[in-house]
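S.K.: Top to bottom, those sequences are chains A and B. Heads up: take any position in the first sequence, counting from 1, add 943, and you land on our numbering. Heads up: take any position in the second sequence, counting from 1, add 42, and you land on our numbering.
Read the hints as simulated data drawn from the structure, not as lab findings. Just so it is clear, CB atoms sit at the ideal spot from N, CA and C, and this is done for glycine as well. Heads up, a few of these hints could be off.
[Stated by the list, open to error] Footprint (simulated), chain B over chain A, 3 or more residues, beta carbon under 8 angstroms:
1) 985 to 993
2) 1004 to 1014
[Said to hold, decoys possible] Listed below are several chain A residues computed to face chain B (Cβ distance under 10 angstroms; list not exhaustive):
3) R953
4) C956
5) G959
6) D969
7) Q971
8) M974
9) F1018
10) F1049
11) P1051
12) R1054
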Amino acid sequence: SAVISQKPSRDICQRGTSLTIQCQVDSQVTMMFWYRQQPGQSLTLIATANQGSEATYESGFVIDKFPISRPNLTFSTLTVSNMSPEDSSIYLCSVPIRGLSDEQFFGPGTRLTVL
Amino acid sequence: AQKITQTQPGMFVQEKEAVTLDCTYDTSDPSYGLFWYKQPSSGEMIFLIYQGSYDQQNATEGRYSLNFQKARKSANLVISASQLGDSAMYFCAMREGIDKLIFGTGTRLQVFP
């Protein structure tokens, strides 16, 4: 398994500001994923963060709005830029673990409210 | 395109009874993986169980089992001996490509005494 931590666990932000969310894993992993869960909705993939290369964004998400860093194999950040109330969501990072069984673990999430 | 469908927005079950949460999927890729997650009100996503498309036997993890019917493209989660702490949202997900997941809309399970 993997132990994943995220900071902050929650935040309340003002419109127009930016927030950087950190994700730390207790083991080295090649890929890390960032998901968004809007209120009452399912999870949607924002981007895939690979160490040493640019993040790969899904349709509807752009680097200017959600810049991602991946400085090493255990850490990644996601920034939510120029926030609006529509950005109020839970943001989760996840990592795949390949062993006897395929598993994919999630961090505890960051609950963001934008006023 | 790959797709996951959960048709039950909400389910009720009495404590100690078994409950089945439905999940169907659609994919043209012969190699895929199916996951179930539990999301309590705290918001964390708790991994429950995984089934690979080539696995011959249904996956089991404690009180959780996955009823995998490949020809019908279904991967239902069975929770035996329900407990009050099982009340949560449950999401079915499918691995698409290299490890990214697509999720169903979820089923809210409520366990009553």
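S.K.: Give a verdict on every hint.
M.R.: Against the structure, the hints:
1. 985 to 993: That given contact holds, which follows from 5 residues of the stretch 985 to 993 of chain A lying within Cβ reach (below 8 angstroms) of chain B.
2. 1004 to 1014: violated (count 0)
3. R953: holds (9 angstroms)
4. C956: violated (17 angstroms)
5. G959: Violated, because the Cβ-Cβ distance from G959(A) to chain B comes to roughly 25 angstroms (cut-off 10 angstroms).
6. D969: Constraint on D969(A) not satisfied, violated at 15 angstroms.
7. Q971: Constraint on Q971(A) not satisfied, violated at 15 angstroms.
8. M974: holds (6 angstroms)
9. F1018: violated (18 angstroms)
10. F1049: The hint holds - F1049(A) has a Cβ within 10 angstroms of chain B, the shortest such distance being about 4 angstroms.
11. P1051: Hint holds; P1051(A) Cβ to chain B Cβ min 5 angstroms, cut 10 angstroms.
12. R1054: holds (6 angstroms)
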